[in-house]
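Protein chains: 2
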Amino acid sequence: MSNEEQGVVGIVGAGLVGALNAIYFAQRGWKVELYELRPDMRLPVHRESRRGKSINLALSERGLSALRATGLDLEKTILEASVPMKARMVHINGTQMSQAYSVNGKHINAVDRARLNELLLDAAEEMKNVTVHFEHRLLQADMDNNNLEFMVANEEKRVYHHDLVIGADGAYSKMRSQMMRRMRMDYNQEYIDTGYCELSMPPATGPDGKPTFALDPNHLHIWPRHTFMLIALPNPDYSFTCTLFMPFQMFEDIKTEEQLIQFFTENFLDSIPLIGEESLKKDFFANPRGSLVTVKASPHNYEDKSLIIGDAAHAMVPFYGQGMNCGFQDVEVLHQILDRHHIKPVSKSNRIEGLKEALDDYSKTRVKDAHAICDLALYNYYEMSHAVTSIKFLARKKLEGVIHYWFPSIIIPLYTMVSFSTLPYSRAIERWHRQSHWLNVAMISTTLATASLVASVGFKYRDQFLPTVRSAIDTMKHLF
Amino acid sequence: MSNEEQGVVGIVGAGLVGALNAIYFAQRGWKVELYELRPDMRLPVHRESRRGKSINLALSERGLSALRATGLDLEKTILEASVPMKARMVHINGTQMSQAYSVNGKHINAVDRARLNELLLDAAEEMKNVTVHFEHRLLQADMDNNNLEFMVANEEKRVYHHDLVIGADGAYSKMRSQMMRRMRMDYNQEYIDTGYCELSMPPATGPDGKPTFALDPNHLHIWPRHTFMLIALPNPDYSFTCTLFMPFQMFEDIKTEEQLIQFFTENFLDSIPLIGEESLKKDFFANPRGSLVTVKASPHNYEDKSLIIGDAAHAMVPFYGQGMNCGFQDVEVLHQILDRHHIKPVSKSNRIEGLKEALDDYSKTRVKDAHAICDLALYNYYEMSHAVTSIKFLARKKLEGVIHYWFPSIIIPLYTMVSFSTLPYSRAIERWHRQSHWLNVAMISTTLATASLVASVGFKYRDQFLPTVRSAIDTMKHLF
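These protein sequence lines are chains H and S, in that order.
Residue 91 in this note's numbering sits at position 91 of the first sequence, and the numbers go up by one each step.
Residue 108 in this note's numbering sits at position 108 of the second sequence, and the numbers go up by one each step.
Hints were generated in silico from the structure; no laboratory data involved.
Nothing here was measured: the structure is a model prediction, and the numbers come from that model.
Among the hints, a few may not be true.
Copies of the same chain look alike in the list, so a pair counts if it fits in one copy or across any two.
[Unchecked claim] As a list, the in silico EDC-like pairs of lysine to aspartate or glutamate whose alpha-carbon atoms are at most 20 Å apart:
1. Lys368 <-> Asp142
2. Lys356 <-> Asp339
3. Lys368 <-> Glu430
4. Lys364 <-> Glu190
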């Protein structure tokens with residue numbers, strides 16, 4: 001073998017993206033060292049401590065595609081542990097209105113983060129060339145030699161060497177901050193004034209005395225209230241996990257249980273009996289306030305040495321349900337690019353041939369898509385909390401949907417491109433902007449045609465229609 | 001005294017801004033603990049290691065005002081150690097053109113960073129309530145209790161408690177990163193593709209055999225070449241410190257001494273004999289390449305606990321010569337605000353009354369000014385490397401200058417507002433935008449009047465002038 005050795009990749013963070021990436025690298029024939037700060041979440045003692053803290057994620061096509069591409073049973077196993085959601089259920093004035101995610105009946109999938117992580121860790125550990133190291137806290141990285149120093153189980157320091165290091169250690173990534181000390185990385189983090197608090201909605205009791213869902217389970221429930229909102233996602237155990245999003249100041253203004261109940265009575269009346277008054281009070285005051293940050297970094301790689309993926313490279317607000325899906329797609333795209341560059345799991349004098357070009361290529365491709373979905377997720381906060389209640393918005397959505405149903409390749413709704421395709425995010429947005437242009441032209445032309453028709457029928461209504469026509473023509477001018 | 005104690009402020013970083021801030025806090029009657037990572041730069045052994053590495057800064061009105069406000073002899077002492085620069089000297093095609101900084105003969109001052117730092121440290125240590133701790137490396141900060149843990153002289157860990165902690169530890173601030181772990185701080189860092197390398201130009205020999213300046217000392221010399229440039233600032237010892245700014249790729253393309261000399265021959269011919277061929281080769285290949293980053297953070301304070309100032313809060317590219325001036329002004333503004341809020345150096349149960357409101361006020365005021373000068377510094381890179389050679393730009397500058405000379409309060413050149421006043425940066429820029437508008441109106445009106453005059457004299461020239469008139473009218477339309 002002379003100076004050749006099997007390539008070793010070190011992955012920091014055995015969360016969702018890190019674990020999936022370990023599987024991909026193992027399948028390419030690399031030796032994989034997967035490091036995780038926390039103890040093994042699958043041990044009974046740690047499972048116990050997770051009770052009542054289920055966090056749901058919405059798994060959609062980008063995530064599913066990355067699971068499918070492993071060729072393992074992952075997609076099937078994970079879908080079995082999830083609840084399909086085919087529509088939003090909007091709660092306004094005590095009524096519920098269903099808004100389908102797709103005119104073709106496509107759905108997204110509510111899945112428990114911890115359960116998903118366990119399934120991925122099981123699959124990773126089944127590969128003979130993956131070693132998972134729990135309770136490994138990264139202390140520092142020698143970026144040029146790819147030596148990582150860890151504090152192991154709070155007891156001793158150990159140093160490991162790698163040919164490539166990948167940071168999949170989340171929004172507050174230690175790997176990223178180590179890379180920033182060594183390279184010129186552009187970096188941006190921005191918080192929104194909105195925070196969140198989780199509440200749980202227990203199973204209801206069905207007519208047969210058995211547990212059942214308190215709300216229609218095949219929906220993502222939303223109580224949109226413009227500056228704040230409540231959402232609820234189903235769990236396979238018949239409970240719902242609710243999240244209240246609102247400005248930090250509003251959280252601070254609710255100081256007593258009476259104020260809380262009054263706030264819910266005024267805004268989310270139908271949710272109170274479903275959550276239960278006692279449980280609501282307990283959760284609201286005991287659970288932490290989460291904050292929401294957007295993180296953008298560029299580039300994502302440091303030469304042929306290291307790379308950040310998932311939240312470490314692009315944390316986003318959760319309003320498009322794309323955080324995990326984007327992270328999973330990172331993994332699929334990364335390995336497509338490694339394929340394209342014919343990267344072999346062979347290290348010659350601590351170098352993998354062609355790796356720098358491949359990782360540069362990855363950053364070039366993925367940075368713009370990551371930036372695009374970060375921006376879109378922020379925009380969708382507006383849509384979820386605000387626009388889903390506007391008639392104009394709904395009319396526009398309806399028109400998009402109708403055109404897409406009859407001419408599926410002419411107008412594709414943005415939500416469909418993001419959640420039900422694997423089209424790069426940046427291209428989905430470009431296409432959306434082009435479509436919006438023509439959709440506006442169509443809507444204005446329709447207005448003009450109607451107005452002309454009315455005018456030709458009788459001069460009687462002319463005065464009423466003239467302002468509309470003028471404004472339509474004005475808008476037309478801006479479109480060209 | 002019951003539960004009252006003297007307020008203790010901990011300042012991390014005894015650089016220029018940290019040392020000045022220590023003086024201000026001491027004058028307010030606080031107990032000041034000033035921590036510095038490096039050993040005492042004033043000890044002969046460390047002085048020696050600094051030789052040939054002088055970095056010059058341009059001290060202007062904002063910095064001077066902050067020194068003056070201490071009431072000490074600081075301004076005078078420091079000006080004595082500096083060289084006044086009243087103009088830019090632009091080197092093009094072997095000729096030199098002087099461009100005054102101000103129509104009133106105002107000047108900026110070249111000062112050696114290390115010398116300035118020494119003078120400030122001396123002044124700080126003269127205050128009986130300041131203690132300077134050298135070789136203190138910040139390990140971590142307990143942000144809510146203001147306990148700072150340091151590694152002292154690479155030997156032992158020590159923890160110090162404070163009522164208020166201030167991070168003045170530069171662009172890569174450790175205090176800032178500790179604050180970011182505890183609070184929602186918006187943060188942005190962005191590199192430019194341009195790097196820099198320092199070169200030194202030794203004293204020349206005068207006709208009397210004594211050392212003298214190789215170039216006119218009362219100028220900031222610039223060799224602007226659009227995508228790259230060379231600058232030179234005078235030192236009191238008759239040498240100049242030169243800095244070559246250019247894209248990293250260009251640095252990398254110069255691999256041999258021959259390529260270097262060819263590059264200088266083509267671009268900076270007149271500088272070669274002044275720097276000296278051997279010294280040029282040595283410096284260019286031995287000195288490190290610096291990178292240039294813009295850092296913006298918001299807010300600058302964490303409640304009443306901590307604050308970042310200077311580069312820690314707002315690193316900027318060096319092209320407006322405002323980095324230090326802005327940092328000194330931070331100190332002056334901070335203490336004006338502490339005065340306005342009547343902050344007393346008295347700690348009751350580890351709290352200083354009114355401090356949160358004062359620090360919130362500081363962030364509110366200073367964040368927008370810091371962002372403004374960061375953006376302007378980036379814009380000035382364009383002006384320095386590019387625009388100083390354009391005729392249109394120079395005509396516009398001249399017009400500004402003439403109007404300012406005759407009507408000093410109508411049009412104030414931006415450079416004058418930034419460098420020769422203490423007007424908040426954000427207001428200087430607002431005013432500049434308003435002025436630019438009217439200056440454009442004036443220039444276009446002049447063009448129109450001239451054209452009409454010519455047209456009335458004879459139709460002969462009509463065709464030549466029509467396009468100018470049309471374009472002037474078009475531009476006018478955009479201005480309103």
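List of violated hint numbers, smallest to largest: Of the numbered hints given earlier, the structure breaks just one, which is hint 1.
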